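**Q** Sequence:
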Amino acid sequence: MNLDLSPSNEFIFIREFILIDTDNNYLNRLSFISEIFVERIKNLTNLSLSDNPTLIHWDPFINRLGILKHLQELIINNCGIETIKLINQDDSIELFPSLKYLYMSDNTISLYSSINELSRIKSLISFGILRNPIYGLNQLENETPKQMTIARLPNLTHLNRVSISRDERQGAKMNYLQSYEQVNFDKKLDFINEHRQYQLLIEKH
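Letter by letter, the sequence shown follows residues 14 to 218 of the numbering used here.
Derived by calculation from the structure, the hints in this document are not laboratory data.
Be careful, since some hints might not be right.
Stated by the list, open to error - Computed cross-link-like contacts, BS3-like style, restricted to lysine-lysine with a CA-CA straight-line distance of at most 27 Å:
id : residue 1 : residue 2
1  : LYS186    : LYS113
2  : LYS135    : LYS82
3  : LYS135    : LYS113
4  : LYS159    : LYS135
5  : LYS135    : LYS98
6  : LYS159    : LYS186
7  : LYS55     : LYS82
8  : LYS113    : LYS98
9  : LYS98     : LYS186
10 : LYS55     : LYS135
11 : LYS98     : LYS55
12 : LYS82     : LYS98
13 : LYS113    : LYS82
14 : LYS135    : LYS186
15 : LYS55     : LYS113
16 : LYS113    : LYS159
17 : LYS159    : LYS98
Since the model is a prediction, treat every value here as computed from it, not as a measurement.
Using the sequences provided together with the hints, build the complete structure.
**A** Next up, the structure:
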C-alpha cells in the first residue's frame, strides 16, 4: 500500500486507522508515509501500523506522525525499529502533543538512549516494549530494564500494560541514581545530555 499518494478527503473524518495483513500477503503493508497523507489524517486519535518492516527508521516515518495533534494511541509492534530519535524542535513545536499510549513490542530497540528520547513526549503514560533486545525474555532478566525504563519516563503509569506502583517508581529512581553516580567528571556533560531525567532526580532527592 502506497500512502505517498494523496488520499481522499474522506480521510479527514477518520478517528481510528488499523492496518491488518491477515494473510501475510504484503498487500496491506506500508511502503511510505508522506507528509501529505499525515496532513489528511490530522483528526486521527488511534493508529495501528504493526508488522510493517519498511517503517524500520523512526526518522522520517514515525516522526512525521508527530504533528498529529489528536493522536492518543500509536501501535507499531514488529516493525524492525532499531532506534527512537525525535527530531530537534523549537519551543513552538511539540511532537506527539496528545500521545498517551505507545506500544513497540517485537522491535529491535537495544539502547537506553531511545528510551530517553521518549521523555520528550510529556503526555506519554503507557509504553510497551516487550521482546526487544533491551528487554529480557523472563521476569528476572526484565527487572533491571524495567527499572531503568520507569526512571527515564517520569509520567509513565503503565509499562507493558501493567500498572506501576508508587513503590516501584521510587525504587526505580533510587536504583537509577545509584547506577550512574560514579560517572567521571569529564564525561558529565555528555552524560547529562543523554540522561535527561538524571539531573531532575538529583535535584528532587
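**Q** Each hint should be assessed against the structure and marked as holding or not.
**A** Going down the list of hints, with the structure as the test:
no.: 1; hint: LYS186 with LYS113; verdict: holds, 22 Å
no.: 2; hint: LYS135 with LYS82; verdict: holds, 13 Å
no.: 3; hint: LYS135 with LYS113; verdict: holds, 9 Å
no.: 4; hint: LYS159 with LYS135; verdict: holds, 19 Å
no.: 5; hint: LYS135 with LYS98; verdict: holds, 15 Å
no.: 6; hint: LYS159 with LYS186; verdict: holds, 11 Å
no.: 7; hint: LYS55 with LYS82; verdict: holds, 7 Å
no.: 8; hint: LYS113 with LYS98; verdict: holds, 18 Å
no.: 9; hint: LYS98 with LYS186; verdict: holds, 23 Å
no.: 10; hint: LYS55 with LYS135; verdict: holds, 20 Å
no.: 11; hint: LYS98 with LYS55; verdict: holds, 22 Å
no.: 12; hint: LYS82 with LYS98; verdict: holds, 19 Å
no.: 13; hint: LYS113 with LYS82; verdict: holds, 12 Å
no.: 14; hint: LYS135 with LYS186; verdict: holds, 18 Å
no.: 15; hint: LYS55 with LYS113; verdict: holds, 17 Å
no.: 16; hint: LYS113 with LYS159; verdict: holds, 19 Å
no.: 17; hint: LYS159 with LYS98; verdict: holds, 20 Å
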